[in-house]
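Those sequence lines, one after another, are chains D and S. For the record, in the first sequence the residue sitting at position 66 is 66 according to our numbering, with numbers rising by one throughout. For the record, in the second sequence the residue sitting at position 37 is 37 according to our numbering, with numbers rising by one throughout.
No lab work stands behind these hints: they were computed from the structure. Fair warning: there could be bad hints in the mix.
As the list claims (entries may be wrong) - Beta-carbon label-pair distances, calculated as ranges:
#1 D/22 <-> S/304: 55 to 65 Å
#2 D/198 <-> S/163: 41 to 51 Å
#3 D/194 <-> S/142: 27 to 37 Å
#4 S/260 <-> D/122: 22 to 32 Å
#5 S/260 <-> D/262: 50 to 60 Å
#6 S/279 <-> D/41: 18 to 28 Å
#7 D/124 <-> S/37: 46 to 56 Å
#8 D/206 <-> S/72: 28 to 38 Å
#9 D/278 <-> S/27: 30 to 40 Å
#10 D/194 <-> S/163: 24 to 34 Å
#11 D/278 <-> S/83: 53 to 63 Å
If you're wondering where the values come from, they're calculated on a predicted model, not measured in any experiment. A virtual CB, placed ideally from N, CA and C, is assigned to each residue, including glycine.
Protein chains: 2
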Amino acid sequence: MGIGIDLGGTAIKGGIVSDDGKIIQTLEYATIPESGYENILLTISRMINELRERSESVSEVGIGIPGVIDAHSQMILSCPNLGWKNKNFKSDLENKLSVKVNLINDATAAAMGEYAYGSGLGASSMIMLTLGTGIGGGIILNDQIISGTHGVASEIGHMIVGENFYDCACGKNGCLETFSSVTALKKYIDLQLQNGIPSNLAQYDMINGAIIFDEARNNDQLALEALDRMCRYLGLAISNLNDILDPDIFVIGGGLSAAGEFLLNKLIGSLQRFLTYKDLAQPQLVLASLGNDAGLIGAACLKNYH
Amino acid sequence: MGIGIDLGGTAIKGGIVSDDGKIIQTLEYATIPESGYENILLTISRMINELRERSESVSEVGIGIPGVIDAHSQMILSCPNLGWKNKNFKSDLENKLSVKVNLINDATAAAMGEYAYGSGLGASSMIMLTLGTGIGGGIILNDQIISGTHGVASEIGHMIVGENFYDCACGKNGCLETFSSVTALKKYIDLQLQNGIPSNLAQYDMINGAIIFDEARNNDQLALEALDRMCRYLGLAISNLNDILDPDIFVIGGGLSAAGEFLLNKLIGSLQRFLTYKDLAQPQLVLASLGNDAGLIGAACLKNYH
Chain D
1 MGIGIDLGGT AIKGGIVSDD GKIIQTLEYA TIPESGYENI LLTISRMINE
51 LRERSESVSE VGIGIPGVID AHSQMILSCP NLGWKNKNFK SDLENKLSVK
101 VNLINDATAA AMGEYAYGSG LGASSMIMLT LGTGIGGGII LNDQIISGTH
151 GVASEIGHMI VGENFYDCAC GKNGCLETFS SVTALKKYID LQLQNGIPSN
201 LAQYDMINGA IIFDEARNND QLALEALDRM CRYLGLAISN LNDILDPDIF
251 VIGGGLSAAG EFLLNKLIGS LQRFLTYKDL AQPQLVLASL GNDAGLIGAA
301 CLKNYH
Chain S
1 MGIGIDLGGT AIKGGIVSDD GKIIQTLEYA TIPESGYENI LLTISRMINE
51 LRERSESVSE VGIGIPGVID AHSQMILSCP NLGWKNKNFK SDLENKLSVK
101 VNLINDATAA AMGEYAYGSG LGASSMIMLT LGTGIGGGII LNDQIISGTH
151 GVASEIGHMI VGENFYDCAC GKNGCLETFS SVTALKKYID LQLQNGIPSN
201 LAQYDMINGA IIFDEARNND QLALEALDRM CRYLGLAISN LNDILDPDIF
251 VIGGGLSAAG EFLLNKLIGS LQRFLTYKDL AQPQLVLASL GNDAGLIGAA
301 CLKNYH
């Protein structure tokens with residue numbers, strides 16, 4: 001049994017997770033970044049106390065953080081959604097509680113969840129890509145979480161895979177997430193609509209991933225082309241990762257993975273084009289299975305992987 | 001004390017290596033690929049016996065192989081320079097000898113040597129790039145060699161980093177080694193000379209890495225531009241690797257690394273342009289220090305890393 005917390009920019013989710021990876025109880029509070037560091041700290045410590053009252057004795061708590069955690073000091077170096085920099089969150093929280101606190105990047109927490117109880121079950125090395133407004137990553141090799149020397153490993157979304165018509169928020173040009181995230185799809189479709197390309201997508205005030213996939217299934221040419229472009233770069237990136245790490249399995253998660261087999265088949269086709277050793281090393285490529293719970297479950301089972 | 005063998009396309013080098021990483025004795029025989037698998041097997045077993053007679057009791061031998069070794073069966077799946085496919089080299093050799101044989105990809109063996117006794121000394125995670133006619137790689141994370149599920153990890157030279165005017169030998173377009181190897185430099189300079197770009201390089205019947213660096217130091221504009229292009233893509237690739245794995249240190253080896261600080265400074269400048277977290281994660285970037293001995297030394301110390 002473990003306790004996991006998923007600290008997001010809009011909500012803090014906490015849960016008690018059984019030893020076979022099932023969420024037994026959950027709590028959810030709103031995240032109010034403007035309330036400041038101390039108040040969020042207090043909210044989380046209250047949540048942990050409440051979960052501990054409802055669970056058997058738990059001596060460690062795992063927390064997924066949407067930011068960079070220093071590998072040695074465990075200090076949160078940067079957490080843009082909450083406006084935090086250089087926060088001793090772990091020790092500040094431990095001072096309020098009588099449990100050990102383990103921090104993990106939120107995308108890595110989701111990977112950990114899928115690895116331990118989801119689509120990565122049985123693998124000993126796995127790379128997860130989380131396709132949402134950005135692209136997150138989590139890497140587990142030989143049963144070890146790869147966090148890197150400075151805590152910035154698995155930033156797969158910032159791998160440069162080509163030249164793009166707009167720059168990434170990180171300041172670089174060509175990052176994977178400017179080609180293959182929801183944001184990237186929307187920007188590309190907006191550009192093409194502005195260029196006068198005819199499409200059903202023009203009728204929507206706001207488009208999202210689900211609408212784009214729906215219109216692609218209805219054979220809308222712009223939607224199809226945008227998804228092909230997204231999958232081309234994603235296949236290229238996965239092939240690069242395969243050349244570098246050759247893991248047992250790649251797991252595709254995040255909001256866009258809701259498109260299911262339609263996305264997966266396009267992606268497998270794209271990956272085949274870019275694989276270096278087609279005869280020797282065909283990686284498995286599957287959809288994530290734990291949905292939004294992956295991060296919470298992964299944070300809760302972190303105690304088994306250090 | 002250990003015995004290492006570096007099996008290359010033109011020579012088989014063997015050596016006795018002390019526990020502090022010094023080569024005490026060496027043997028070198030020519031590799032004659034046309035002589036066939038059995039003869040090369042015999043040559044190597046003879047070499048190992050000779051080295052064992054000269055050394056203290058050694059119960060394991062490490063051999064660097066220029067090919068793909070299956071991670072589970074240790075079978076050599078592919079070894080293009082020798083024309084080998086699916087060879088049970090390890091067990092065939094063990095049947096002739098009374099020692100345990102450990103196989104390792106030759107680029108990874110070089111990385112292992114630098115990690116244990118060269119420029120990676122003291123690091124716990126290291127990526128080595130070997131710049132020669134192609135680009136090889138070796139990855140060590142948390143003291144573990146990353147060979148991959150199918151034995152094709154660390155194929156850094158096949159990471160796609162852009163679009164190029166010629167295809168890679170692997171069949172893909174845009175592989176790092178088509179931008180940043182000796183072969184890539186020569187092809188690019190040939191193209192530019194054919195395009196009528198004036199350069200001192202036009203006077204040579206055959207150019208090589210040393211000539212290109214010499215002319216660049218003499219301020220030849222084409223040589224400088226070719227090296228800048230090479231370093232631009234290499235910096236991009238190292239930044240990608242840093243985003244994915246965030247290791248302690250990157251080590252640059254291979255023939256081109258003989259250009260020393262001139263290359264290193266260009267490369268550091270290029271890497272700075274592409275780093276995602278300039279404030280948080282500055283990777284170390286250094287030249288290899290063991291030269292051509294790295295592979296032999298790495299193969300010999302392989303016994304300490306499994």
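Status of the hints after comparison with the structure:
Between residue 22 of chain D and residue 304 of chain S the CB atoms are about 42 Å apart, so this pair departs from the stated range of 55 to 65 Å. Taken as a hint, the range 41 to 51 Å is violated for the pair residue 198 of chain D and residue 163 of chain S, whose Cβ atoms sit roughly 29 Å apart. Roughly 48 Å separates the CB atoms of residue 194 of chain D and residue 142 of chain S, a value that falls outside the hinted 27 to 37 Å. Residue 260 of chain S and residue 122 of chain D have their C-beta atoms about 48 Å apart, which leaves the hinted 22 to 32 Å range violated.
Taken as a hint, the range 50 to 60 Å holds for the pair residue 260 of chain S and residue 262 of chain D, whose Cβ atoms sit roughly 53 Å apart. Range check, residue 279 of chain S to residue 41 of chain D: about 24 Å between beta-carbon atoms, so the 18 to 28 Å window is met. Between residue 124 of chain D and residue 37 of chain S the C-beta distance comes to about 32 Å, which lies outside the given range of 46 to 56 Å. Range check, residue 206 of chain D to residue 72 of chain S: about 50 Å between beta-carbon atoms, so the 28 to 38 Å window is missed.
Restraint check, residue 278 of chain D to residue 27 of chain S: a C-beta distance of roughly 38 Å satisfies the suggested window 30 to 40 Å. One distance hint, 24 to 34 Å for the beta-carbon pair residue 194 of chain D and residue 163 of chain S, holds here, with the actual separation near 25 Å. Distance hint check: the CB atoms of residue 278 of chain D and residue 83 of chain S are about 20 Å apart, inconsistent with the given range 53 to 63 Å.
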